[in-house]
Amino acid sequence: EINSHSHLDPCHLNGSHDGILCFSSKCDLDFVCVSTRGYIYRPVCFLMSAMAEERRQKHCSVVLPTESMKAMAESVGVGQLQEDSCVALSEEVSYRIKEIAQDALKFMHHGKRRKLTTSDIDNALKLKNVEPLYGFQSQEFIPFRFASGGGRELHFYEEKEVDLSDIINTPLPRVPLDVSLKAHWLSIEGMQPAIPENPPPATKEQQKVESTEPLKVVKPGQEEEGTIQGKGQGTTTPDGKGQCLGLIRLKPRSTHELSVEQQLYYKEITEACVGSCEAKRAEALQSIATDPGLYQMLPRFSTFISEGVRVNVVQNNLALLIYLMRMVKALMDNPTLYLEKYLHELIPAVVTCIVSKQLCLRPDVDNHWALRDFAARLMAQSCKTFSTTTNNIQSRITKTFTKSWLDDKTQWTTRYGCIAGLAELGPDVIKTLIIPRLAIEGARIKAVMEGPVISNIDKIGAEHVQSLLLKHCASVIAKLRSPPDNVEQYRTEYGYLGPMLCSHVMKARTQAALQAQQVNRTTLTITQPRPTLSVSQSGLSGSSGPRTPSIIKVPSSLTLMSPRPGTPSQPSPPATKYIVMATSAGAASTQQVILVITLSSSQSASPVTSTVPSATSTLQPLVKLEPGSGPGLTASRPLQKYIVVSLPSSASSSLETKSSVLPTSISSSSLDGGMKLERSESPGASTQSPH
Amino acid sequence: DTSLAKQKTDIKTEPSTDGFGNNNANDGRVLSASPGSGSSTGSNKQTAAVTPEDQQTLLAVLQFLKKNKLIESVEILRREAGLPENSLDPKATESAGAGSGGAAAVAEDQPDVRVVLSAYSQQGDPTLYEVYYSDLKKFIETVLDCHRAELSQVFYPLFVHMYLELVYNNHESEAKAFFEKFSGDQECYYEEDLRVLSGLTKKEHMRGNETLLDFRTSKFVLRISRDSYQLLKRHLQERQNNQIWNIIQEHLYIDIFDGMPRSKSQIDAMSGSLAGEAKREANKTKVYYGLLKEPEIELPLDDEDEEAENEEGKPKKKKPKKDSMGSKSKKQDPNAPSQNRIPLPELKDSDKLDKIMYMKEATKRIRLGSDNLPSVCFYTFLNAYQGLTAVDFTDDSSLIAGGFADSTVRVWSVTPKKLRKVKSAADLNLIDKESDDVLERIMDEKTASESKIMYGHSGPVYGISFSPDRNYLLSSSEDGTVRLWSLLTFTCLVAYKGHNYPVWDTQFSPYGYYFVSGGHDRVARLWATDHYQPLRIFSGHLADITCTRFHPNSNYVATGSSDRTIRVWDVLSGNCVRIFTGHKGPIHSLAFSPNGKFLASGATDGRVLLWDIGHGLMMGELKGHTDTIYSLRFSRDGEILASGSMDNTVRLWDVMKAFDDLETDDFTAATGHIHLQDNSQELLLGTYTTKSTPVIHLHFTRRNLLLAAGAFNP
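Chains as they are written, first to last, in the UniProt record's numbering: chain A, 1 to 691; chain B, 1 to 714.
Next up, chain B with everything else stripped away, as it sits in the complex (with noise of 0.2 Å):
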């Protein structure tokens, strides 16, 4: 009953709020998942007429409302849609059972995929598609160079569309065909879904295959010039080319701008991901991208002396520190969100005893530079026969976790200092609770080693990460819980359940407490430690979400996804207010900048691209790892970026320039095209290859060492 009802209201309020009442009911979920599309296509949709397979879906989906004793949804669809009255007679009920095979027996399981299915079910004759197809594109090929490239974009998707309608209508040998000759001409960043497509040949096989359904559900996108759209629009109304017609308007977004076409690199620099390029007004929510305010901590004047002991006595190099700690804190971000945007935890004691240890580190940090390149020390891990499948460092790279394909998570110490379990109840029982030294006490030194192994997961362990106060360390598995382990005790404390498949990645707030994950469920999760479910969902990923990162205010997460887009959301609405699209792969790393004001990815095609978070725009590519790349890190102070990737090396990238160059361009926003630079040789720094080791973690220390590691694969 509750699907009926969903199904109702879906239907109900779509032609009024979209306002074009041709367009048929199967739209009910693209629009409900992205709702502000309707109003953009709307222009476009009325200059078309109302095509006679439109009525027929029209009529379908009143013939289901009238079975379903569902009359006044009629009434107000068919007033809507301008049917005449008698329109449900049984001659047209039959005909439309028939052009829309299966559209009358929608109700019986999974409505809404039959009903997504059965748009393809409007067809014209199959033989000619192939015609259709030439046709169109001898016509571009034709066009003025400034719009070919353009209009090239419609090539892709119009020839998916047009496949799997041959193959959804049984034309088999038709569909082959079809792939077979044009499929050649696609970009050559398509050549992984092509392949997915070349396999599927049967109607029975779309049924089950998400990806595709989601290719259907969701509109792709296209980024075209006002000039050139005419162009095409002419075209195809010129030589009633209206199987092709239909594609463009019932499965393409055309985002038309105005102003100049663009050219092919920049074309190509933003396409590649699953579902065309974002939309322009998708990138333009405002993101407080800013730093929250540092706050204010004293430090205690005994802890001041205690330092003068320990360092043999360096009071010069305190009082800059103080000075700059005492300016960032007085200026106020104007892109920063407000304190108490998000609720946060409060400082512990302990919380501010680290943070002044954060400071005292940050005065002897090495000012990287062009000139000035970080040391890398390189952790291997030996005898991991390929099963180490994730790394984290603490922030204070006084530990190392490492996520095991053996569904094992082992924690190291990396200082002499050796890891303890507390001591059990009983024995805290007898513990002096007064005493200065109490939180030394309740350690049990018996327990003391080098590293801890702790258990839990039923599968290989995916993703990694330490709370800010290292009391805590999540993992997430395949095994789709993400668990939460005390490393006082090292023992699992809970175990999240939410995602029902594999969880690829999570990761801690930089404040603690909140943490979000993400993996084949295509949603990423925002939970809090004290909470069994999750705070929010954030869900709009057309693929397995594959890394997760939080903004270093903690208001926003980045996450990237198979789909091959990145996506930025914010955690106080859950709506996504960024989607990056220009990787050709999925991606496998992100990063953002210490600023907040940059964020940087890696995918398995090998290219870092940087993005500016508050235009919403790419800022550069860098080019030079042949493999995936699964780690990329800024350096404390923003300087140099550091990537890691499969290919065995370590690359260090000049990023101040690649931002301060593309800053001094004229930054033309207002459309959102950049011309990207070809300089990633001058921005490569340096390349670091290790023996046999694919590097999977980087991590710069306070100090801006930086930290590298991999299993050493002979």
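Only chain A is shown next, with the shape it has when bound in the complex (with noise of 0.2 Å):
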């Protein structure tokens, strides 16, 4: 029955939760399409826009525009419509809207919705004896697409032509999956269970609060009764427990008390991750990074952690100070604790494993280079996170980094740990500190290339430093200067090292350029919003919940990159046991897709790629848009940062993408809420496609 639609103003009908709110609110309708049958208007589809301004009235009596009468009159093959009737229509019109839109009002409350649907208002166009609209039902949301000229601002709803023999030749899309019921304990004698199903115990919000202001909470497991009765009149009534309230109100500290199965889980785990079972430790290992109850094991973690740093560092033991760094990881990669705590303990181990003299055994053989990488990684990314302008963490560990590069006296380990360190921090640390000392570098490592040789470990130090050097430099520098790239002046202006770091540019910039077009082409691929970010349904079954991860499906041609670490490969023997390493961790959990490549083999050959080391296998997989591409993703879940998947084949631009992101380290309600701000303002944006 629906003839035609026009439809002039935005409209949203039941996209973001703020829209309907403020429906529920307001009822503002901006927009009504009609269709005839005979002569007789019937509002066909209604549409409530939440604008901005209408929300700060209190009272608002909107009232249709007379053009869209007259458009919809046109519409329906009314051709003269007087002022008159377009004023009474749209009064008449508009109150109608408003009726119906209360009525369906009660059938989202009936139904125990937020969200308005659809059908709710087929449904009170049923109450009203009217017939309900066909073709507008819709789950989630009906993309309005919006569309400007002529001074005239247009919403529609695309209806692309189908063609039935597509529909016909594709496979059938897989059957939602059935209603289910899954039980769990919501709470036992008062106290509720720290497990997957439930709420984290303590928020972040809660622990931080707690760490700043330890006189104010009590501890996290009671905080369900302890804060509340707290806040009335305090001891009056004893909570389930017996303890009495106001006596761990007055506590300065709260008590680590961990019950015995805590006990049992942390032994587990701790022997799990220095075991030698790598199965074993990636189910550990995603344990800590997931579990929501960890918080009251923190203290014992980190410890754990800091102690076995310092006493494999004496002892020379790789393969455990990887382990702990890994933990280190998991720690930092679970969202519900809250580590500012325990930076004391974890830094100094952290930086321990970047600048150590001696790592290993046998420093010529045992690859602890790549210990020295994933720990300044690590580094850089506590740095990102934890730094304040209180705590200055950035600019301290900095301070540590350049003051013993600069000692003539340090040997090539350590000056690569320093390198790495400041290298992770950014682009505008590399330019900065490191270029300047690109000549000096270059000399020290020429005169042991090149002079006599006194030791072999010296000379592979020096090669070390020399590709890191090249590796991140070459990037930072491709930016920096204008493209004719003259090997004399590379030589004049960086002294030994300006030759390969010419060639090295060169590499980055054309790169960089097959990039620029590759990469338009895949957010294209990935703006189609729904299909590609459809986000696990499985519920609450296994640790799958609001802030675990989802499964992101990405075109197989993209890899997700984060800027956090990826994960060392181990020592020594590297390249094999590696792999294993990651299908194994694949198979033991489900819930995380791990997608290492493993650069193991290109690494020396091309210092380029190995700055790749895409992995998805952090929990919260950051997908950042890129700058053209809009605001596409519109699934986006809250808790969840994404950020940009960018293609590994080229080094520079995706740390181009890196180093667009390092900074921008959006907190993911401010991102939510400009998406949402985005798409009640223009709904149709979220199918436009980039420019």
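Treat the hints as calculated values from the structure; they're not laboratory data. Hints are supplied without guarantee of correctness; some may be wrong.
As the list claims (entries may be wrong) - Here are the simulated DSSO-like cross-link-like pairs (lysine-lysine), alpha carbons at most 27 Å apart as the crow flies:
#1 A:Lys384 x A:Lys280
#2 B:Lys418 x A:Lys126
#3 B:Lys203 x A:Lys182
#4 A:Lys70 x B:Lys202
#5 A:Lys128 x B:Lys364
#6 B:Lys202 x A:Lys115
#7 B:Lys138 x B:Lys69
#8 A:Lys182 x B:Lys418
#9 B:Lys181 x A:Lys182
#10 B:Lys203 x A:Lys126
#11 B:Lys203 x A:Lys128
#12 B:Lys202 x A:Lys128
#13 A:Lys70 x B:Lys176
#14 A:Lys70 x B:Lys203
#15 A:Lys182 x B:Lys452
#16 A:Lys182 x B:Lys421
#17 A:Lys182 x B:Lys364
#18 B:Lys202 x A:Lys126
Bring the two chains, given one by one in their own frames, into a single complex with the hints.
Encoded structure:
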């Protein structure tokens, strides 16, 4: 029965929660589309817009513009509609739509939902004895698109012509999962167990409050009753365990009693983390990275790591050091943990693994460089997440690295660590601290490489420093300098490293150009919001939930890259064992999608590619949009950040994305809000293609 | 013809029964709806002189009667109104016709609606409305503090009626200005209504708007102390503020009481409903809230042996149980209705067995309290895609039923015992009917599964309820039907038609056989499973009935509504025996305490209110939820109230403390005023947050384990 629709005003039926709330509180209707049956106008489609300025008004009596009436009349073949009739019509139609909207809200409430859906409106129409609208059934949102031109802004519902043969020939989509029941303990005798089905016992904010204002809170396990009763008149009712809350409130520090289960867990986890079974370790690390209830064990883990590093550095036990660093990474990945309290233990341990003179028994053979790289990335990540104006982590770390780098007596291993640590901090640091010293460092390397052979270890060290410098500096210099790359110029400017740098820069440039084209294409594919980001519907099953990783389906040509450190490979023998690990990890944990690309073979040959240890093993894959792609990702879920996906083939451009990503580190909430806003303003944008 | 006859009787009876002849016939609907109101208003009415507007209306009515040749009625009305015989001459008619637009054309369509609306046609100068209103406002602002709060109650109904009058008389711009000027002064809890009002700007809009019609037909009830009322009256008479005085007389019911004026907080606690507070006499009827005597069931000896075997012999436990059972049955609750006040179904053997099971379980019940909180087991519906609309558990917690937006009803077994259908008729013939395990033999093992889907509704299922014997399931739906399903065959047995509009809720009586349903048509219906027509129709709510609950003794039914009131109805007489006001949003959940004395209600405003049914008073307010409360349940011994909300939390409240605290207070039942303590935080025993699952149903097992259910909403 729907003959035509013309859409004049922003409209959004049930896209965003915001929009609906606004609607339920305001009933703003800005849009009507009318179809005709004989001569009777009847609203066919109405949409409520949540416009910012209307929100502020307390009671707004929004009336449809008369132009809408005219347009609708035209669309059903009534040419000349008098102004008076338009006014009368628009008032009448606006009122009736509000009426229907109010009834639709009733259906929403009884449907126990927060979102108004099209079926609610259909039911409200039925209530009024009006035939419902067919063809607007949509579980999620109606993708209205926006267009403007000739001074008119237009929202329209894009109806593509569907080729039936396409539908017939494509394989059937998967049948949606059937409704199922799952039981779990929400509370046991008044205490909420810390299981994945329940929200984390102490949110990050609570942990933060506890660490900054210890007097104000009680133990997180009891916060359910505790905080609330504490706010009331305090000691009147003791809680389930008979503890006197008043006393707890006065305690300056919370105690860290671990239950028997927690002690067992701690033992199992730490043993698995440093044990010999790689599959077990992967499972343990995943548990550390995802389980919400680890808060109380955090001090133990932190001590375990710092003590472990202290002992194993002395014993030059490279493997154990790597395991410990992976634990650090897992802890940092856990979104429910507030690590700030334990940085004083974790950071020294990490720095040790970056700059220690000797990390392994046989420095000439073992790949302790990977550990340094990995730890340097960890360091950079913690600088990014934890550095504040108060603790100044980043500047303190930078100073430490610079100081020991500048020291002439520093060994090559430490030197390597310092440079790696600085380089990971981002292109700005490279530009200001590393590039000016390229000439001096080049001379030093030259002395070792071309001078008399003093020791093999020094030579290996110098080689590694050289490739490290080339790897990090090339992309930065490629951006700093304009294209004609002259070998002589480089030589005068950067000394010994100049020529090599020149060739690296040139390589970086070509790859950047190549990738620029590809990136455009790939972002095109990812902006189809719904299919790509359809989040697994498994619901509570396993440990997935609002904050656990969702499996993001990406076109196979893309690889997710994260700014977080990837996992370093095993020290020796490197390549093969590492691959084994990756697969076993994947097998052990179905929740986590680990796409590890090992580039061990090409690592030495092309230092450029080795910068792309693209691993999505981080639990919150960060996907940031390329600047040009627009707000394409509509299905963003709370607490998850997305970063764009860039191609692994070229390091330079991936470094570019990286560099553009690093400083952003948008808080998820602001990202979310921004996107919501954007959507409510122009819902059509979600399907727009990038410019 | 019938409508005319009705019209006639209305007009005829009213003046004679009410004794104030100057009241116009327009209120015919009002008074027939609430006959109790007449006598008390009469005293107020008589103080006022017969205004010309009233006379005009009367003339219009007389003319109408005459036109329809109802000569006798004309005579009676004229005699009672004290009008001169010649009042019906053409001139008078003309003026009346002009004054009350359309009164002459009343008979055409929707006669009563027209009549109701035409009351607004008696208008003054539209520009003076603002003056009148602000004059009154100024006056109320300057009166003594103790009276101000009480008198301020007048603002809202006055505002609405004045606005509607302006709209009705086509003074659109004045109405808009009036609204803009004074809407900000109204109490925040009327915001929803104001929003509806703001959309209404044309006379034509009023015609189809039932909410407004109800606002017009039902008098807004205010409770004001005599002193405050005298102040108001004196002021209005001094200032000759007839406009407002008329509205107060015609559309407001002022319930005057002697004594101290109420405080602002006392007033706020009780106000908020669509039609003001409940009249005091509305809650005066005696309610038999006590429980019925439990039938005495002899525990068969062999059964005890069986239990002893099963439970590895715990003979000590059984003795106290027997005692408690005995004592219970001996005691006759003075507040209980007589056993056969309403006919209840006879107990079947299977019911007796179930009772025995219940008692056995009851002995193992955990005694809850503030220091002994229940465990909560949460049943999450996964992959419901926002479609779960209703949930119910059987009393023994063995089955869960879910109603869905896709019109399906699903039943799950949560015990290892799977759901099985009865065999087909042909197969049943083959069964040896004399065998002991015939009940087991009739079941078809091939159909065993953990869940069953039942199709039949043609719209979202909004209410669902198991019968106490677990043989039937009721579901109510948007399609206007209530369906009875058999849980033996998993097919639909009956579709009860009566509500033409969506049926929001339905519930079985605790004794089975009866059930109640309520929906968008504003009436609740009481049905018996073997009647296709309702046994009782409970009408009186001014907006949708959103939830229905049976009293534990099955003699009463409570209904919650979008008009923000709760009504308790007597099943025997069909009368409304209690009206509770105080909620500020549509009520979405109700729960009777197991002893039948108290009622808890939860609304979209996120508050739980507690009511004493016997006294008809508010007992407490539990604040804490931030969104609609969809589920309330008392623990089996009534110690703890659990509430589940859209805000993804289950909260536990110490209601024993709430009730105890209040009972020790002096209970000023005479005036019906209560001082509510703001002690929600003390009464809150626990808050349990789900990940992202609104809690839409709660249920205490017989052993006091709390079961909660909701659909995961990623």
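Against the structure, the hints come out as follows:
{"no.": "1", "hint": "A:Lys384 x A:Lys280", "in the structure": "violated, 30 Å"}
{"no.": "2", "hint": "B:Lys418 x A:Lys126", "in the structure": "violated, 39 Å"}
{"no.": "3", "hint": "B:Lys203 x A:Lys182", "in the structure": "violated, 54 Å"}
{"no.": "4", "hint": "A:Lys70 x B:Lys202", "in the structure": "holds, 21 Å"}
{"no.": "5", "hint": "A:Lys128 x B:Lys364", "in the structure": "violated, 53 Å"}
{"no.": "6", "hint": "B:Lys202 x A:Lys115", "in the structure": "violated, 31 Å"}
{"no.": "7", "hint": "B:Lys138 x B:Lys69", "in the structure": "violated, 50 Å"}
{"no.": "8", "hint": "A:Lys182 x B:Lys418", "in the structure": "holds, 16 Å"}
{"no.": "9", "hint": "B:Lys181 x A:Lys182", "in the structure": "violated, 54 Å"}
{"no.": "10", "hint": "B:Lys203 x A:Lys126", "in the structure": "holds, 24 Å"}
{"no.": "11", "hint": "B:Lys203 x A:Lys128", "in the structure": "holds, 19 Å"}
{"no.": "12", "hint": "B:Lys202 x A:Lys128", "in the structure": "holds, 19 Å"}
{"no.": "13", "hint": "A:Lys70 x B:Lys176", "in the structure": "holds, 26 Å"}
{"no.": "14", "hint": "A:Lys70 x B:Lys203", "in the structure": "holds, 24 Å"}
{"no.": "15", "hint": "A:Lys182 x B:Lys452", "in the structure": "holds, 16 Å"}
{"no.": "16", "hint": "A:Lys182 x B:Lys421", "in the structure": "holds, 24 Å"}
{"no.": "17", "hint": "A:Lys182 x B:Lys364", "in the structure": "holds, 26 Å"}
{"no.": "18", "hint": "B:Lys202 x A:Lys126", "in the structure": "holds, 24 Å"}
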